[in-house]
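Chemist: Spelled out from the first residue to the last, the chains are:
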Amino acid sequence: MLKRVFLLLMVALIWACKGSNNEIIPVDDFFKTQDKAYYRISPDGKSLSYLKLQDKKLDLFVEDLATGNSVQLTHLNGKSISFHFWTSNNELIYYTEDESKERKSDIFVINKDGSKQVQLSANEKSRLRVIEDQLIDDKYIIVASNKRDSTVFDVYRLNVRNGKMDIAAKNPGNITEWMTDNRGVLKIAVASDGVNETLMYRENENQPFAPVITNNFETTLQPIAFSEDQPNILYAISNVNRDKNALVALDLKTGKEKQVLFANDTLNVVDAKYSRPQRKMLFVTCETWKKEKYYLDDSTRLTYSKINQLLPGTEWKIMDKDKMDKFFVVRTFTDKNPGSYYLYTASENKLKKLTDISPSINQEDMSSMKPISFKSRDSLNINGYLTLPKNRKSVNLPVVVLPHNGPGGRNSWGYNAEVQFLANRGYAVLQVNYRGSTGYGKSFYAAGFKQWSDKIQDDVNDGVKWLIAQKIANPKKIAIYGNGFGGYIALNCLYKNPDLYKCGGSNSGVINLFSYLKTIPPFLKANLQMYYEIVGNPVTDTDYMRFASPVFHADRFKSPVFIAQNPKDPRVNVAEGVQFIKELKKRNVQVTYIEKEEGPNPVMRQQGRTALYKALEEFLQENLGKK
Amino acid sequence: MALDKKSGYRKNFSLGVTFIVLISILFILSLFLAFNYSKKSIENDFVSEKVNVLEQSIKPYNDFFQNKMPEISYYSGYLDSSTASKFVDTVMLKYPFISKVTFYDTEVKNMPVKDGINANHLGIGPKSIFQFGKGVKPDSVKLYSEDDTRSFNVGSDFNAIAIKLATFVEDLDTASVPTQEKLFTNFSIVNSNENKITYLNIPSREDLRVYKDMIRHKLNPSPVYQQDVMVFNLDAYKIKIINTRPLLYQTIRIEPLTYDPIDTSDENINTEIALPGAFSDFKLYLISSKSYIKKEIFIYFMPIALVLLLVYGVLLLVAFLIYRNLNINSKMFKLQYDFVNNLTHEFKTPVSVIKIAGNNIKSATALSQKEQQLYGKILDEEADKLNGLMNKLLAFTQIENKAIKLNQEEVNIVDFIESTIESHTLKHPDFKMTYEVVGFKTFITDPVLMGSLFDNLAENAYKYSKPEQKKLHISAKLIKGVLVFRFTDKGIGIAASELNNIFKKFFRIQNEYNQMGSVGLGLAFCKELVNFMEGEISVKSKVGSGTEFKIVLPYNS
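Residue numbers (numbering that gives the first Met the number 0), protein chains in the order written: chain X, 0 to 626; chain P, 0 to 556.
Note that these hints are calculated values from the structure, not bench results.
Among the hints, erroneous ones may be present.
Unchecked claim - Below, simulated BS3-like cross-link-like pairs (lysine-lysine); rule was C-alpha separation at most 27 Å, straight line: (1) P:Lys93 x X:Lys557; (2) P:Lys384 x P:Lys440; (3) P:Lys503 x P:Lys549; (4) P:Lys465 x X:Lys585; (5) X:Lys567 x P:Lys181; (6) X:Lys272 x X:Lys163; (7) P:Lys67 x X:Lys581.
As the list claims (entries may be wrong) - Only some residues are given here: those of chain X computed to face chain P with a beta carbon under 8 Å: (8) Ser120; (9) Ala121; (10) Asn122; (11) Asp136; (12) Lys272; (13) Tyr273; (14) Pro276; (15) Arg278; (16) Phe513; (17) Ser514; (18) Lys517; (19) Thr541; (20) His552; (21) Asn565; (22) Glu582.
Just so you know, even glycine gets a beta-carbon here, dropped at the ideal spot from N, CA and C.
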């Protein structure tokens, strides 16, 4: 203990000597983000609603943009607002959940000056989400609710005057997504059997939904908006018959692409923006190492490049706008800054800062996240990010490798609290978008199937070797750590490459593929089949699955291991984790075990998180800090 | 006086004897106690050490039960015959006490099963059954499958665990999280009568929740869940016994719990301890013959006995040393007593002469010239004698304490010897003294001390010679840079046994020559003198023919 304190003191001293710029920022500062900062702008663009923390409670406020006066609309106790939105220029709807176990919900409608509050439903055990917040016939909005059957969401017309809900479409059980057209008519339903997704369409509410096109899970077809001018045309992000996502106009009658609005062999479309007043697609967002907007015509480019000029060097996204595209709520961020909310007034080309997402972060103290790429041993181009600690020579650094969670998913450019925390503690952080990551096209995604214990790990190891070859990494001081499947990769890499990694850790990590697949109920046969495809088939590939699961190889671990899990996590077989740790300890492997509590209470969550990262910091310090 | 001396010795001796007897008794007693203690301790060990034997021997079983068996749960029900076979192979290799494993590839369904257990809508039945083991022939590995049900009926092992599962699910409170220990005990059956352990892979919480639903309702679509049941047949006799105390336990056997042979002879002692868990129908039976135990007792006892012996030895040595010191002290006491005795005598003679002379003078009416001269001479002589005695005593004490300083004067050796001879022959006309001087004429010394030395030696030579043999030859020679003086007489000589003692203080050889007027200080005084002059004195003697004293002094002229 004393030795440890001494070590920490020494490290503190060394850092102190190197200059005051390298201050250690407390753990909490990195992860303290404003949980809720939902800004909504009224359809006429005259008022701004938002949630604000007052006396440790979030309440709803409305600000008159012309005068700057704010009105507090709610005084909640024991409940929290899940979401809120404007239904008309003067009315807002908000949805609350109480903090009990059942999370009972209420819906209210209220005038923007705080008068005329009407409770639409009370103490519902069901959940509700909004499909269309635009008022139809001056009284209906379209919502999805699971009040009929807790496992499926049906679509209802909610009368905001009296709270009555009429069913608009019944879910046969397999519909996962609903969509209305620009007038609020429910026209699209997406059915899924877990593997294949079928886009279904109806021309009006009297007709039944008819299937348009069916794709398997490897393919993306994401509806964006209906075309105003052409009937039966849907704008969608699609990679049907392509490797990368493109923006296309889909003929809902034939299921064929009618027009390709944006497609590029190297660019992957992740988002697209449609303007109802302008009746056209404005731009697509493509993600390479960072997200960039590609405008579909010159006038749009002219308009939006003004925002670009006002916010140089940042990524920004339109969170909300008024009906006439005059006022925008813009959210920005960079790799060093979790970002801020701005109100952009198009007519004056003026930005007004609304709030910072994490005021405790000083971007001068953060490290920049640089894109990297390297060739894997089988000559595949692998991308990733490297974050180097500030004010350190970029040679011979201790490294923490952070493989991301999965299956699917990727690391993106932007503020990442975990990465910045580690960089601040003096570690270079390597993130690898190994094969099987999304965002690099269909084939790259599919290349990761059933490779969890082989090529995916090779990609991560190749990244580390590349970093060593660049002389950035100190080959004797490399740790690997991850969440979920990232933790799975970390543990596997650790025990298979004891010469490469000094220590490793997993947070709520998958340690057994059998029990991971067990979390999918067996009657979801199709869904299970998809996971068999991606992860492996436990029935036919039993030996491989055994080989690929770290829980069976406790006898091969030598390096120190960090394991965190939530003992009440229903998705994790805690017993296995405990058994695994027991076996490691029996073999005198150094194990740091953290039981973390997770719950709806933000204070508890924060305490758990602080304890976790403090323990991780100590673990890394102990194993990488020594000379 | 002599009686006192004797009784003093006797007292010491009896005390010593008492002491020796006492510590000897103590020694024997402690040996006896130590032996008894060793015996008790070994006998206790014999009873208590079996726990360690049990713990060590049963370790692989505990390891299997707590660590290896739960590994089945890792497969989450996905075990098939080939993987199960591999699993069993590793298990059997590592744990030899497992004789046979039966694997039930089990399905939990929402419809009744033909073979197995049905609880309302929940059916638990095997899909196929396999057995693995050393004696299992390849053609009888597969015991049961849904297509071929005739060869085997689903055994009670399976039904017992299936009932346990159904009961557990029935009573399950889905809102709370069951502890791992609870799950483990609920999904394993330890059957000690048949030495079997049945293990069901622990279903996830979600599965248990669905099972509960399945008991009550028919779900749509009808789910089928996979579970794995393994029955391990154990053979207690294959447990590898680890004898942690091979010197204590001669043989350790595994015997049925009821084993209790009546023909246990007196030659052997035995103890037993029951095995835990699935082996609880068996016990460890530990036997040793009495002679075997005796050996162990001696091994235990020997070091204790050695330590006791050492302590006893040290005590004896201390006693002996104390006795020796006492002895020396008592001798010293005797010498001092003699000295005082002699000194008194020595003083007595002149004093009584002076007293007689004084009385005569007092009682005589008139003293003639002759009488007056005679008495004057007597008084003068006797006073000189007393003075000489006192001086001798004083000088000796001074020299012994090194309280005087040497006078360094050049002395002519011939003159010095001649004056000594003159004074002695004047005193004793029958004393014949001769001398020789070789190699030097003068030397530097303290003439008074030197004179004392010569006087003492000459006096002794005269005293210890027969009347007709009173002769002394003095030789002084310079040999190799040192002065060597030899005083050779033809006296009575000194016995070899006494030679070592003659230079000791207050020592006197008991014979007729020194009954009167000797204090036993002479030679001790000479030795002190010679030592004081940084020389050496030695003696050679033969009884009846004479003695030679040799003095070696450093020569500095």
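Chemist: I'd like to know which numbered hints this structure contradicts. Please list them from smallest to largest.
Modeler: 2, 4, 6, 8, 9, 10, 11, 12, 13, 14, 15, 20 and 21
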